[in-house]
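Q: Spelled out, the chains give:
Protein chains: 2
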Amino acid sequence: MTEAAALPSPAFLDDLHVGQRFVSGSHKLTAEAIKAFAGEYDPQPFHTDERAAEDSFFAGLAASGWHVAAVTMKLLVGDGAFIANGLIGAGGEIAWPRPTRPGDVLTVESEVIDVAPSRSRPDRGMVTVRSETRNQRGEIVQVLTAKLVAPRRVPAAI
Amino acid sequence: MTEAAALPSPAFLDDLHVGQRFVSGSHKLTAEAIKAFAGEYDPQPFHTDERAAEDSFFAGLAASGWHVAAVTMKLLVGDGAFIANGLIGAGGEIAWPRPTRPGDVLTVESEVIDVAPSRSRPDRGMVTVRSETRNQRGEIVQVLTAKLVAPRRVPAAI
Numbered sequence: 001m002t003e004a005a006a007l008p009s010p011a012f013l014d015d016l017h018v019g020q021r022f023v024s025g026s027h028k029l030t031a032e033a034i035k036a037f038a039g040e041y042d043p044q045p046f047h048t049d050e051r052a053a054e055d056s057f058f059a060g061l062a063a064s065g066w067h068v069a070a071v072t073m074k075l076l077v078g079d080g081a082f083i084a085n086g087l088i089g090a091g092g093e094i095a096w097p098r099p100t101r102p103g104d105v106l107t108v109e110s111e112v113i114d115v116a117p118s119r120s121r122p123d124r125g126m127v128t129v130r131s132e133t134r135n136q137r138g139e140i141v142q143v144l145t146a147k148l149v150a151p152r153r154v155p156a157a158i
Numbered sequence: 001m002t003e004a005a006a007l008p009s010p011a012f013l014d015d016l017h018v019g020q021r022f023v024s025g026s027h028k029l030t031a032e033a034i035k036a037f038a039g040e041y042d043p044q045p046f047h048t049d050e051r052a053a054e055d056s057f058f059a060g061l062a063a064s065g066w067h068v069a070a071v072t073m074k075l076l077v078g079d080g081a082f083i084a085n086g087l088i089g090a091g092g093e094i095a096w097p098r099p100t101r102p103g104d105v106l107t108v109e110s111e112v113i114d115v116a117p118s119r120s121r122p123d124r125g126m127v128t129v130r131s132e133t134r135n136q137r138g139e140i141v142q143v144l145t146a147k148l149v150a151p152r153r154v155p156a157a158i
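Residue numbers (this note's numbering), protein chains in the order written: chain A, 1 to 158; chain B, 1 to 158.
Certain hints may be false.
[To be verified] Away from chain A, derived, C-beta distances all over 10 Å, residues of chain B:
(1) 24
(2) 28
(3) 41
(4) 51
(5) 64
(6) 74
(7) 105
(8) 113
(9) 139
(10) 152
(11) 153
[As the list claims (entries may be wrong)] Calculated cross-link-like contacts (lysine-lysine; reagent style DSSO-like; alpha-carbon spacing at most 27 Å):
(12) B/28 <-> A/28
(13) A/28 <-> B/74
(14) A/147 <-> B/35
Hint data in this document are derived by calculation from the structure and do not stem from the laboratory.
Glycine is no exception: its CB is placed at the ideal position from the N, C-alpha and C atoms.
Given these sequences and hints, build the entire structure.
A: Okay, structure coming up:
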């Protein structure tokens, strides 16, 4: 991950603030990878067979949204998670506004949109990160708003 | 997929209604599968290394949330999607309330919670399905509320 501003790496909750941005490396999705992932986890014709995909909703082979999510995670983890205990998601919202196609090169741009110390657990908190996954034309193929568990640098006094 | 009530298979938007429920088959997650998925898409020590995982937030090897999501999709697709054009997700909300462990056997219980014909496209609509993924003890390991594109049986008159 490359961050726009200097950030201790890996970061504690106390190092994070709203507006921090990160840009990932990139990953190219091949037709073979799309079909292999779908064959194991999302075996629908528009993800596994070019010919059948032509007549589908997608009008051509498209990656499973869960494959896009998995590749996004790979890019977010990158050479090392940007949070000290790793990227541990409690959940979030996900949307796939357009299909991902064979040959697409994906990059993830992330922004911290909320930092919330836990009220009950002084050693941790929750960071909300919005991650846009874009293809090589800059088109957004996935938006993920994830809530991540982050440790505190020094347990807060109560 | 096994449905509690009779449902034309595959179904159009017109065949779906709030309260319909589906139960999937089951899938066992092995330590090898957890580590293989994580090695490719979520290479963090608590997903890839039993020893390192002991000292982590998870206190033991845990599956990547995206692996749980992918297996959930596999179970939802099952022997055939329950919607006529396939299971095409526009997006949704996802949460992982507890970790999935090696040896866990996952099953998905789904319920239709909204059916909305499109106002602009008379040939389709959106179905919202809440899917709970449970382990062999009945504990919920993932909740996914997904918006799925569904075709209409007969285009509506405007």
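Q: Could you let me know if the closest chain A CB is still more than 10 Å away from the CB of residue 41 of chain B?
A: Label violated. Min Cβ-Cβ 4 Å, cutoff 10 Å.
Q: Holds or violated: is the Cβ of residue 139 of chain B farther than 10 Å from all Cβ atoms of chain A?
A: holds, 16 Å
Q: Is it correct that the beta-carbon of residue 24 of chain B has no partner in chain A closer than or equal to 10 Å?
A: The assertion about residue 24 of chain B holds, with a minimum of 13 Å to chain A.
Q: Classify the label on residue 74 of chain B as holds or violated, using whether its beta-carbon is more than 10 Å from each beta-carbon of chain A.
A: The claim breaks: residue 74 of chain B does not keep its Cβ more than 10 Å from every Cβ of chain A (closest is about 5 Å).
Q: Is the claim that residue 105 of chain B lies outside the interface with chain A correct, judged by CB distances over 10 Å?
A: holds, 17 Å
Q: Can you confirm whether the C-alpha distance between residue 147 of chain A and residue 35 of chain B stays at or below 27 Å?
A: Roughly 23 Å between the alpha carbons, so the hint for residue 147 of chain A and residue 35 of chain B holds.
Q: Determine whether the non-interface label on residue 153 of chain B survives the test: each CB of chain A must be over 10 Å from its CB.
A: holds, 16 Å
Q: Is the nearest Cβ of chain A still more than 10 Å from the Cβ of residue 152 of chain B?
A: The assertion about residue 152 of chain B holds, with a minimum of 13 Å to chain A.
Q: With d taken as the least Cβ-Cβ distance between residue 51 of chain B and chain A, does d exceed 10 Å?
A: Correct as stated: the minimum Cβ-Cβ distance to chain A is 15 Å, above 10 Å.
Q: For residue 28 of chain B, is the shortest CB-to-CB distance to chain A above 10 Å, so the non-interface label stands?
A: Holds: least Cβ distance 14 Å, greater than 10 Å.
Q: For the pair supplied as a hint, residue 28 of chain B and residue 28 of chain A, confirm whether the alpha-carbon distance does not exceed 27 Å.
A: Outside the cut-off at roughly 30 Å; violated.
Q: Beyond 10 Å on every Cβ pair: is that true for residue 113 of chain B relative to chain A?
A: holds, 16 Å
In this structure, the earlier hints numbered 3, 5, 6 and 12 are contradicted, and the remaining ones agree with it.
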